[in-house]
Amino acid sequence: MLLWQTSQTINFAQGEFVMIPAFFVLGAMKFGGLSFPLAIAVALVISLLVLGLLFKRAVVDPILPHGMLPLVISTIALAILMKESVKEFYAADAQPFPAAWATTNLDLGGAVVSVQNLVIIGVAVVAVIALQWFLGGTKTGRQMQATAQNPTLARVLGIPVGRMVLYTFLINAALVAVASFLVSPIYLAKFTNGETLGLVAFVAAIVGGFNQVRGAIAGGLLLGIVDNFVAAYWSAQYRAAIPLFLLIAVILWRPQGLFGRAEERTV
Amino acid sequence: MKRSLVAMSLALAAGVAGAQQTVNMPIVIELSGAGAVSGTNFRDGAVLAIEEINAKGGILGRKINAPQSDTQSNPGTSRAQVQKAIDSDPYVILGPVFSGSVKVNMILCQQAEVPQITGAEAADITQAGNPYIFRTSFGQQMSMPKIANYMRDGLKAKTVAVLWVNNDFGKGGRDTFVKEMAARSIKVVSDISTESGQVDFAADVVKLKGANADAIFVYTNEEESARFLREARKQGIAKPLIGETTLLGQKVIDMAGPSANGAKGHVGLSADAPLPAITQWKEKFVKRFGYVPDHNGIKGYTGVYAVKYATQKIGKFDRKELAKALHGMTIKPEEEPGILMETTWDANGDIDRISFLAEVVDGKQKIVQTLPKLGK
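Keeping their order, the protein sequence lines are chains A and B. No gaps in the numbering here: position 35 of the first sequence is 35 in our numbering, and each next residue is one more. No gaps in the numbering here: position 53 of the second sequence is 53 in our numbering, and each next residue is one more.
No wet-lab data here; the hints were simulated from the structure. Hints are not guaranteed to be accurate.
Claimed, not checked - Here chain A is said to cover these stretches of chain B; the calculated rule only asks that three of the stretch's residues, wherever they fall, bring their Cβ under 8 Å from a Cβ of chain A:
1) 30-39
2) 100-106
3) 190-197
4) 233-246
5) 253-264
6) 364-372
None of the values given here were measured: they were computed from a predicted structure. The C-beta atom is built at its ideal place from N, Cα and C for all residues, glycine as well.
Pulled out of the complex, with its shape left as it was, chain A reads as follows (with noise of 0.2 Å):
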């Protein structure tokens, strides 16, 4: 959504961005012997290069001048070269992985709430606060949301174009990386781990509307809360063919997205 925002570019491994800091974390304490914290302060470190400063320079920069189509297709390459690395160069078996916080349950009023999803849905609060502040409330995130907005506009009047993209790349990797440490002690360590999480992310993102961040949140929220019902309530064996419904539904009469706005592109 960001890096759409801000550099046009549509990140078809970004289910793979997701799976591989946990892979740093692992890698960084069965190699390097780090404890756990060092271990995730160095995969953090690693997925901003990597991730961020790597992307954008090795694979965003020289191939977006040719279109989006390369980039898309590019960015399919790099999901599959990430997945087939790790399952060469680490495993190819599910990994646990260690929970930074307390395993353990809380009882609130008889209905029982894991300390795990409090601290999952306080960390994703915390960063949606926090980016909306940065983003709206700071000279360079305004900065980024003007070269979002019109790049040449944002050039002429001054905007470090090239590095405010940077910062929307690097922004990106943090996020992804902290996303990882948070989902891989539930769904634990795996290779494919991103083909579930970047298709769910997709469909959220268009579901919600593409073109703005909260409209890719209520898209989340709004398809976890339908995937969920209609696996308790009604069909678990339906469960993964209605949020595709869904995304067949606002692809046809709301296009822009639940929460999006309407753009028009000279083609």
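Assemble the complex: chain A is given as a structure, and chain B must be docked to it using the hints.
What follows is chain B alone, placed relative to chain A:
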């Protein structure tokens, strides 16, 4: 020119002689995808046995050559890999473990008259009249009655919920289990299918909690079992979680962490069985591969030793004779220590041996009871 021709002839002769001194036993197995845990354990168990046998001179003086290929846990790919293995003139084929894969590739082995030593457990695999398929563990028709008895006699359950994986293994197990429940007048109050490779079990656990059954029977593959256990723990499920080896295996326990504690059930094979032969095997495995094996490691290991023993009995490398010899054969550890436990194959290629009731305690599988062979 002459000299190079002589050199080439010598090299060719040496190659032929080398080929004659080996016996080809391809391992076609799940090394990636949803079955990677099972497949890797099976493969490593087989490799351990092959290394031991080769170190002692091989079978009838011929060393075992065991090329490996990955089915990617995909039936279509497994069929192509088995065909490729058959083209290399194998003596036997080891694997795969996934029932769905075996169902589509065992016909190739049957047509080529190549014995296939599989880790698959779906009930119908050995009921298709294929004389070349041999199990290395219980089929579901053997294990489910034991679980059903435990549900009735051990847990005194009147109602049960079933969570199963929607593939050939899971569907076969679910159908057999439901039939056994009906025979014991235990009511199935919730019947939940899940997908192979599923990562999110939140909604399934909500549904299970709502069913409020006396016990929950979990029949999914290893990785899904671990994810389910984590989610069940997260949502505070208090009912007994009952399963088979795919719920109680050490790899599942390692992946699920403390969430696995309290899970119970029947295990046809266990790396934690209180038998000296199994304990020694486990130590060898850990030393060789650096991880604690699950029951699939025993499948691969004993499968290779069964082939060795039967081949030595018939005294030659004859695929048809091997298949004939294995039907009805009983191998005792006194005669072949590599078989680990006394094992009998029936006329269908099904296996009979002792099995165990187990529970996960403090991150370890604890055997609480040893059940005798069905044929005794």
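To see whether the hints hold, each was checked on the structure:
Judged by the Cβ-Cβ criterion of 8 Å, the segment 30-39 of chain B is covered by chain A as claimed, because 5 of its residues qualify and three suffice. Requiring three or more residues with a Cβ within less than 8 Å of a Cβ of chain A, the coverage given for the segment 100-106 of chain B is violated, as only 0 such residues are present. Chain A is given as covering the segment 190-197 of chain B, and this holds because 5 residues of the stretch bring a CB closer than 8 Å to a CB of that chain, at least three being needed. Remark: the segment 233-246 of chain B is confirmed as covered by chain A, as 4 of its residues place a Cβ nearer than 8 Å to a Cβ of that chain, reaching the required three.
With a threshold of 8 Å between beta carbons, the proposed coverage of the segment 253-264 of chain B by chain A holds, since 6 of its residues qualify and at least three are required. With 0 residues bearing a CB less than 8 Å from a CB of chain A, the segment 364-372 of chain B misses the requirement of three and the coverage assertion fails.
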